[in-house]
Amino acid sequence: MEKVVVQTGAKTYQITDQDGNDLGVFRFIPSDAGILKRYKEAAAFFTGINERIKDKDFEEILPDLEKEAGEKIDLLFGAPVSESFFKITSPFTILDSGEMFAEQIIAVIGGIIEKELNAREKAQQERVKKYTEKYTG
Numbered sequence: 010m011e012k013v014v015v016q017t018g019a020k021t022y023q024i025t026d027q028d029g030n031d032l033g034v035f036r037f038i039p040s041d042a043g044i045l046k047r048y049k050e051a052a053a054f055f056t057g058i059n060e061r062i063k064d065k066d067f068e069e070i071l072p073d074l075e076k077e078a079g080e081k082i083d084l085l086f087g088a089p090v091s092e093s094f095f096k097i098t099s100p101f102t103i104l105d106s107g108e109m110f111a112e113q114i115i116a117v118i119g120g121i122i123e124k125e126l127n128a129r130e131k132a133q134q135e136r137v138k139k140y141t142e143k144y145t146g
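Per my numbering, the sequence shown starts with residue 10, numbered consecutively.
Keep in mind the hints are simulated off the structure, nothing from the lab. Watch out, some of these pointers could steer you wrong.
What the hints assert, rightly or not - Restraint ranges, calculated between C-beta atoms of paired labels, are given here: (1) E130 with Y22: 15 to 25 Å; (2) K143 with T102: 51 to 61 Å; (3) G87 with N59: 20 to 30 Å; (4) Y22 with Y140: 29 to 39 Å; (5) T145 with Q113: 38 to 48 Å.
Yeah, the Cβ is synthetic: ideal placement off N, Cα and C, and Gly gets one too.
Generate the whole structure from the sequences, applying the supplied hints.
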């Protein structure tokens, strides 16, 4: 049987904490056409969390919120990675900066996605230019 190799654009990222401790290695496709929609959905969940917990017993609803937070992170990556992210602390842990741990993850991933999409768009424009230059120049 012959082996066929395809390029997916997947990249691997090592995630560490501020002390250099390894939190995990994650592989995903930052330029996936559907990742922006998934990113926005995950970001909206965490942005709207204060409204969801308003006037509720946080300790009582925390297990359900943590489960849903894990599902949103897994959806974003297209893989079951939330367990690795949240094994050290709850996604709702408030950091020194005032943001939730999960918000920090979302912000970092958003930066990666933006950087990768910009690089891919530039490469695509260069590729198109290469083929159209002789007709437009």
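For G87 and N59, compare the CB-CB distance with the range 20 to 30 Å and indicate the outcome. Holds, since G87 and N59 (Cβ atoms, about 27 Å apart) stay within the stated range.
Quick check on a hinted range of 29 to 39 Å for Y22 and Y140, using CB atoms only. holds, 33 Å
That 51 to 61 Å hint for K143 and T102 (C-beta), does it hold up? holds, 57 Å
C-beta pair E130, Y22: status relative to the range 15 to 25 Å that was hinted: For E130 and Y22 the Cβ distance comes to about 20 Å; the hint holds.
Can the suggested window of 38 to 48 Å be confirmed for the beta-carbon pair T145 and Q113? The hint (38 to 48 Å, Cβ to Cβ) holds, given that T145 and Q113 are roughly 45 Å apart.
Violated hints are absent here; each numbered hint is respected by the structure.
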